[in-house]
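Undergrad: Okay, here's what each chain looks like letter by letter:
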Amino acid sequence: MLLSRVAESLYWINRYLERAENISRFVEVSEAMSLDCPPGSAEPWLPLIDASSDRESFDKRFPEKKPDDVINFLIRDRLNPNSIISCIQMARENARQIRDVMTTEMWEQINILYWNMQEGEAIWNKPRQEQLSEIRRECQLFYGITDATLSKDLAWRFSILGRLIERADKTSRILDVKYYLLLPSLDELGGVLDELQWIALLRSAGAYQMFRKAVQNSIKPNSVAKFLLLDPIFPRSVRYCLDGISNTLKTIDTSPSTENPSELECMRGLLQAKWSYIRIEDIINHGLHEAIDSLQMDLNKLNVLIQEKYFIN
Amino acid sequence: MFSSYQPKNSFDEYFKDNVNSAREILIPLLSSLDNMGLEELNRNHSAAKKLLLRHGATFRLNDTGLKGTERILPFDPLPRIISKDDWVTLEKGLEQRLEAIDLFLDDIYNSQKIINDGIIPRELIESSEGWRPQMIGFKPPLNKWCQISGLDLIRDREGDWHILEDNLRCPSGVAYFLENRLVMKNIFPNLFSGRIVKPIDEYPSYLLKTLQELAVWTDTPKIVLLTPGIFNSAYFEHSYLAQEMGIQLVQGHDLVCNDDYVYLKTTSGLKRVDVIYRRIDDDFLDPLNFRKDSCLGVSGLLDVFKAGHVALANAPGTGIADDKMIYSFVPKMIKYYLDEEIIIKNVETYICHYQKDREYVLENLSKLVVKSVAEAGGYGMLIGPHSTTSEIEEFANKIKNNPRNFIAQPTLELSTVPSLCDGELYPCHVDLRPYILRGKDSWVSPGGLTRVALKKGSLVVNSSQGGGCKDTWVVGK
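Protein chains in written order, with the working numbering: chain A, 398 to 710; chain B, 85 to 561.
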């Protein structure tokens with residue numbers, strides 16, 4: 398038995414931490430990438446703001462759009478609800494609400510992370526790459542602690558659900574934004590661009606090494622898209638996340654109706670089937686951006702259905 | 085370590101009059117402290133503060149927002165020591181007092197013998213802010229009203245113990261009491277070696293048992309702790325206790341009353357609740373029956389409680405007995421209900437409601453402590469000797485306008501215990517809040533939360549007024 402409010406908090410703690418982790422990936426890799434970029438080549442910064450759909454509020458507050466503005470906006474800006482510091486603050490607020498449900502280790506991890514992010518803490522004196530990898534490590538430590546200390550009950554399942562939905566969304570966003578950044582015109586689709594930048598994209602998604610292992614060939618845009626969207630065993634691929642989401646929802650719903658499935662049932666099944674059986678060529682032919690756009694809308698819809706079924710009552 | 089320490093004029097709990105005359109029970113601790121040295125003590129003190137922050141043992145004041153500052157309750161590393169002999173007496177005294185108070189509550193909401201026999205005037209009862217006429221004629225489970233209380237004790241200049249206040253609604257601080265011990269064991273293990281400090285870790289088990297016993301209708305009660313939420317200054321304690329007991333921490337909107345029962349809103353529908361350890365004041369508990377504007381409570385909760393379908397700890401209405409004026413009648417209650425003399429004395433109390441007392445109080449304001457009867461947390465207080473003429477005048481007017489609302493007591497020199505202030509040792513004033521649990525049996529925590537006025541010369545120990553806390557050891561064979 399799990400309180401609706403508690404389920405919702407667990408779901409959001411994990412979404413916020415996953416979001417923070419992904420932002421740290423985006424920034425870290427873009428920064429590294431910008432060092433390799435020849436002058437005049439694709440500008441890696443503003444697409445990061447697009448990736449979290451915060452372009453409007455950013456433009457309003459930072460009309461000069463300097464790289465440092467972007468980085469601060471994404472990392473330390475308390476007025477940006479999607480900055481790393483805001484995500485961690487929100488994760489901790491949610492965690493405070495449900496401390497009794499989390500294990501002590503889980504709570505302490507999130508609490509330490511929060512205090513480390515406050516002004517005057519040592520983390521901000523480190524080089525930025527260090528800051529970012531530390532934040533990412535701390536988030537991953539939280540997942541590890543969760544998996545190692547929390548009973549595999551409903552509380553755990555809602556945690557996983559939040560984590561996977563956010564991850565599917567962010568992996569698809571990074572691919573979407575970078576794909577078009579790296580391929581300025583559709584004519585070049587399939588052409589060879591600077592391999593370094595594709596490596597950077599893979600690193601953004603935390604997928605470089607596993608991609609190399611899986612695809613022992615030179616790095617091509619289509620194979621990167623295929624790996625990030627459709628790989629069945631890479632834990633950050635969209636397909637893997639959707640499998641996990643579907644399976645988790647199946648175990649949460651104790652009385653599914655096979656004759657007359659609920660909207661949520663249909664949604665999770667259709668999404669899982671679609672991304673298990675679709676071919677990358679079909680996606681590319683019909684437009685990668687369109688496919689990703691519809692995925693994100695589907696994930697939003699899924700979020701609403703979960704909300705309605707489990708969090709409000 | 086104590087070479088520059090100077091005990092005050094008040095009763096020092098470590099030393100008889102100077103640092104060469106330590107109290108016998110303190111000698112082993114003092115030698116461990118000497119081995120440690122002031123520098124290491126200070127270093128470990130910082131480590132202790134970090135540990136508390138990591139555990140999230142923080143509070144924030146009610147009026148600060150989402151990004152308000154969060155602080156740990158200042159923690160002092162020098163433990164306060166109470167001898168086993170002293171403790172045995174105190175324990176008896178606390179049990180005696182609570183027994184009488186429970187009989188009083190039962191009486192006052194039912195047959196009202198104590199009023200009819202002329203021991204306590206009806207007008208004083210019915211004009212109290214803690215009085216809940218809704219509870220008239222009600223008998224709570226086990227006939228007990230106060231399952232959880234925390235009474236404040238102090239030692240006077242002679243070292244004699246007195247009860248300062250009865251906290252019978254939602255007394256807080258127990259999490260700090262438990263957490264302080266944890267921190268001491270973690271950071272200062274050497275101070276424990278070679279002596280027997282009575283353990284306190286059973287508190288959550290006893291609390292759980294006490295709550296379970298209230299559900300007289302089932303052997304498998306569903307118990308929850310009801311909190312106002314993360315903005316409440318005692319929120320850390322609420323989540324801590326829920327976690328320690330393995331029960332659910334809930335807020336008002338997680339609960340709903342339906343068909344005379346209370347239910348939890350869960351991901352698999354509504355589930356019945358049997359016992360609620362509520363940390364919300366009576367006023368906010370049920371907007372249908374108490375304050376209409378409360379959004380913290382549950383509509384209809386009182387009706388379910390009165391129907392006997394849920395147990396609330398503590399029962400609504402207990403506030404009448406911790407009215408600071410009713411306090412002055414507790415010795416009479418003990419005589420009346422138990423036919424015993426009071427074991428732990430009250431502090432002499434003047435009741436401004438009575439003309440003779442009021443005249444004395446108004447003439448002697450500069451020597452007295454005046455307290456508002458319904459307020460807690462060190463608010464609504466005048467400490468005569470530390471106040472300016474205009475503050476005294478202001479209070480005199482308040483008393484004249486609403487005499488029922490005030491009592492006065494002589495200014496007590498609370499006992500002192502050496503404490504770290506700015507890296508040095510000073511004698512700081514302390515009080516003590518032991519916790520008493522009463523289900524089928526009763527249990528008194530060995531020791532309690534020692535609150536300490538960490539500002540030099542301050543007498544106010546409340547956390548909302550800059551006070552801190554210490555671990556408290558009951559030691560002896």
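Just so you know, the hints here were simulated from the structure itself, not pulled from any lab data. For every residue, glycine included, the Cβ atom is placed at its ideal position computed from N, Cα and C. Some hints here could point you the wrong way.
Stated by the list, open to error - Estimated spans, in silico, between C-beta atoms of each pair: (1) B:D387 with A:P478: 39 to 45 Å; (2) A:W553 with B:G464: 44 to 50 Å; (3) B:H337 with A:N657: 30 to 36 Å.
What the hints assert, rightly or not - To spell it out: a stretch of chain B is covered by chain A in this simulated footprint if at least three of its residues, at any positions, have a beta carbon under 8 Å from a beta carbon of chain A; those stretches are: (4) 313-319; (5) 527-534.
Undergrad: Confirm or reject each hint.
TA: Each hint tested on the structure:
1. A C-beta distance of roughly 41 Å is found between D387 (chain B) and P478 (chain A), which places it inside the suggested range of 39 to 45 Å.
2. Taking the beta carbon of each, W553 (chain A) and G464 (chain B) are about 48 Å apart, inside 44 to 50 Å as hinted.
3. Take H337 (chain B) and N657 (chain A): their Cβ atoms lie about 31 Å apart, and the range 30 to 36 Å holds.
4. Check result for the stretch 313-319 of chain B against chain A: holds, 3 residues qualifying (beta carbon to beta carbon below 8 Å, three or more required).
5. Residues of the stretch 527-534 of chain B with a Cβ under 8 Å from some Cβ of chain A number 0, which does not satisfy the need for three, so the listed coverage is violated.
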